[in-house]
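> Below, each chain spelled out in residue letters.
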Amino acid sequence: MKKNFYILRNGKLIRKGNTIYFIYEKSEEKVFSAEIDGEEMEVETEDISDKQEYEKRVLPIEQISSLFIYGRVSLTSGVISFLSKNNIPVHFFGYYGNYESTLMPKEMLLSGEMHIKQAMHYISQDKRVFIAKRFVEGSAQNILRNLEYYQREGKDLQEEISYITNASFSIENCKDVSQLLALEGAIRSKYYSSFNKILKSFEFDERTRQPPENPLNAMISFGNSLLYATVIKQIYHTQLDQTISFLHEPSERRFSLALDISEIFKPLLVDRIIFKLVNKDIIGEDHFVKELNSCLLNNKGKEIFLREYDEKLQTTIKHRDLGRNVSYERLIYLECLKLCKHFLGIKDYKPFVIWW
Amino acid sequence: MYAIIVYDVGVERVSKICSFLRCFLSWVQNSVFEGELTESQLMRIKEGIKEIIDKNNDSVRIYIMRSKDVFKMELIGIEKADTGPFI
Numbered sequence: 001m002k003k004n005f006y007i008l009r010n011g012k013l014i015r016k017g018n019t020i021y022f023i024y025e026k027s028e029e030k031v032f033s034a035e036i037d038g039e040e041m042e043v044e045t046e047d048i049s050d051k052q053e054y055e056k057r058v059l060p061i062e063q064i065s066s067l068f069i070y071g072r073v074s075l076t077s078g079v080i081s082f083l084s085k086n087n088i089p090v091h092f093f094g095y096y097g098n099y100e101s102t103l104m105p106k107e108m109l110l111s112g113e114m115h116i117k118q119a120m121h122y123i124s125q126d127k128r129v130f131i132a133k134r135f136v137e138g139s140a141q142n143i144l145r146n147l148e149y150y151q152r153e154g155k156d157l158q159e160e161i162s163y164i165t166n167a168s169f170s171i172e173n174c175k176d177v178s179q180l181l182a183l184e185g186a187i188r189s190k191y192y193s194s195f196n197k198i199l200k201s202f203e204f205d206e207r208t209r210q211p212p213e214n215p216l217n218a219m220i221s222f223g224n225s226l227l228y229a230t231v232i233k234q235i236y237h238t239q240l241d242q243t244i245s246f247l248h249e250p251s252e253r254r255f256s257l258a259l260d261i262s263e264i265f266k267p268l269l270v271d272r273i274i275f276k277l278v279n280k281d282i283i284g285e286d287h288f289v290k291e292l293n294s295c296l297l298n299n300k301g302k303e304i305f306l307r308e309y310d311e312k313l314q315t316t317i318k319h320r321d322l323g324r325n326v327s328y329e330r331l332i333y334l335e336c337l338k339l340c341k342h343f344l345g346i347k348d349y350k351p352f353v354i355w356w
Numbered sequence: 001m002y003a004i005i006v007y008d009v010g011v012e013r014v015s016k017i018c019s020f021l022r023c024f025l026s027w028v029q030n031s032v033f034e035g036e037l038t039e040s041q042l043m044r045i046k047e048g049i050k051e052i053i054d055k056n057n058d059s060v061r062i063y064i065m066r067s068k069d070v071f072k073m074e075l076i077g078i079e080k081a082d083t084g085p086f087i
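Protein chains in written order, with the working numbering: chain A, 1 to 356; chain B, 1 to 87.
Just so you know, these hints were derived from the structure itself, not from any lab.
Every residue gets a Cβ at the ideal spot worked out from N, C-alpha and C, and that includes glycine.
Watch out, some of these pointers could steer you wrong.
With a straight-line Cα cutoff of 25 Å, these simulated DSS-like cross-link-like pairs (lysine-lysine) come out [what the hints assert, rightly or not]:
#1 B:LYS72 - A:LYS3
#2 B:LYS16 - A:LYS16
#3 A:LYS12 - B:LYS16
#4 A:LYS2 - B:LYS80
#5 A:LYS2 - B:LYS16
#6 A:LYS56 - B:LYS50
#7 B:LYS46 - A:LYS2
#8 B:LYS50 - A:LYS312
#9 A:LYS16 - B:LYS68
Derived coverage of chain A by chain B (criterion: at least 3 residues anywhere in the stretch with Cβ under 8 Å from a Cβ of chain B; other residues may be distant) [unchecked claim]:
#10 1-10
#11 54-63
#12 303-315
Given the sequences, and given the hints that come with them, work out the whole structure.
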């Protein structure tokens with residue numbers, strides 16, 4: 001099974017011996033560059049992979065599923081074309097852990113038919129609202145599963161649960177997407193308000209972004225951007241168009257379909273990781289850097305989160321319909337396939353809801 | 001499946017086989033590679049090795065396991081290489 005690799009250090013990727021080497025300076029710790037606009041590194045033409053002052057790590061090309069780059073890394077066009085030939089996407093994240101961009105291999109699964117069908121579902125108001133409703137429904141159901149779990153654990157969440165249950169009944173009554181978005185926002189803010197009851201430490205007052213203001217917001221933002229990149233990769237492996245979305249408005253320069261799909265998986269992946277990290281005291285105040293008006297995960301914190309996330313993606317469950325073990329990452333892919341089937345009129349889309 | 005590949009080949013072919021295996025598996029010790037493989041990757045490795053080695057003098061052993069969980073590895077001394085996904 002292929003792995004995701006996460007590069008936290010600064011350095012450079014080179015192609016050598018038909019695979020990828022990551023070269024970094026020996027003394028350097030796993031640090032995130034303090035400069036936001038990193039200075040250009042000097043271009044070195046000689047082979048530095050065997051020099052003593054550099055540490056190297058060989059990444060077996062056949063094992064890489066995708067690369068997540070958090071440090072300042074330089075790539076040559078040779079590496080880029082090699083990665084593209086092997087269909088490996090490279091996700092870049094900024095200094096704040098925010099999602100910046102993805103270097104995608106050229107689209108390999110093209111389908112004019114799918115493209116047109118997908119667009120038709122966007123243009124027709126009824127069809128678009130139908131899909132948008134399913135996304136909100138999936139998200140609400142998964143949120144409820146999380147809350148019910150903590151209810152059983154002895155937390156008093158009755159108010160939140162009944163509020164969200166009621167809200168999910170009124171999804172069907174929504175007439176357009178803006179109403180749905182408002183409803184979705186209301187569900188989310190109710191959900192976030194329950195965080196104070198679920199979590200042992202950390203105060204959560206309201207969701208703040210760009211930049212996040214407290215540790216919880218920092219973790220939510222960090223996790224959501226990771227999930228976003230993961231979904232983009234899975235959509236890439238299907239014939240869907242990344243830019244045509246249903247719940248969110250398709251806008252320029254954004255892969256907005258990934259925003260829609262990640263809505264369903266946020267409670268399952270990101271939120272559960274946060275609950276675990278906080279309630280088991282794996283993450284604490286000293287894993288954050290507080291600056292003026294902002295709060296961010298530091299190096300150690302990022303690594304802890306990434307480790308947990310990677311483990312989570314590889315966790316397998318027995319799929320009810322397929323009857324075999326499927327990883328969480330694969331579940332996202334299956335979700336994309338369900339959308340494909342819906343567009344082609346084979347089977348109506350039903351959102352993924354945690355069944356265990 | 002999980003595979004461990006150990007090789008004992010002539011000096012002039014050591015680096016060839018090492019750089020070939022680096023494309024598929026992680027290096028753990030001198031002349032030892034291991035990692036998760038698919039059926040097709042294993043076939044490609046076997047074909048590749050056959051082309052590099054001298055069949056009359058060299059020896060390459062491939063240990064194939066169903067998964068990493070079916071055996072226990074004990075380490076004495078230091079870990080020579082980091083194989084985790086965090087760099």
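> Give a verdict on every hint.
Status of each hint after checking the structure:
no., hint, verdict
1, B:LYS72 - A:LYS3, "21 Å, holds"
2, B:LYS16 - A:LYS16, "13 Å, holds"
3, A:LYS12 - B:LYS16, "24 Å, holds"
4, A:LYS2 - B:LYS80, "22 Å, holds"
5, A:LYS2 - B:LYS16, "24 Å, holds"
6, A:LYS56 - B:LYS50, "28 Å, violated"
7, B:LYS46 - A:LYS2, "19 Å, holds"
8, B:LYS50 - A:LYS312, "38 Å, violated"
9, A:LYS16 - B:LYS68, "28 Å, violated"
10, 1-10, "holds (count 8)"
11, 54-63, "holds (count 6)"
12, 303-315, "holds (count 4)"
Hint compliance for this structure: hints 6, 8 and 9 are not met, and every other hint is.
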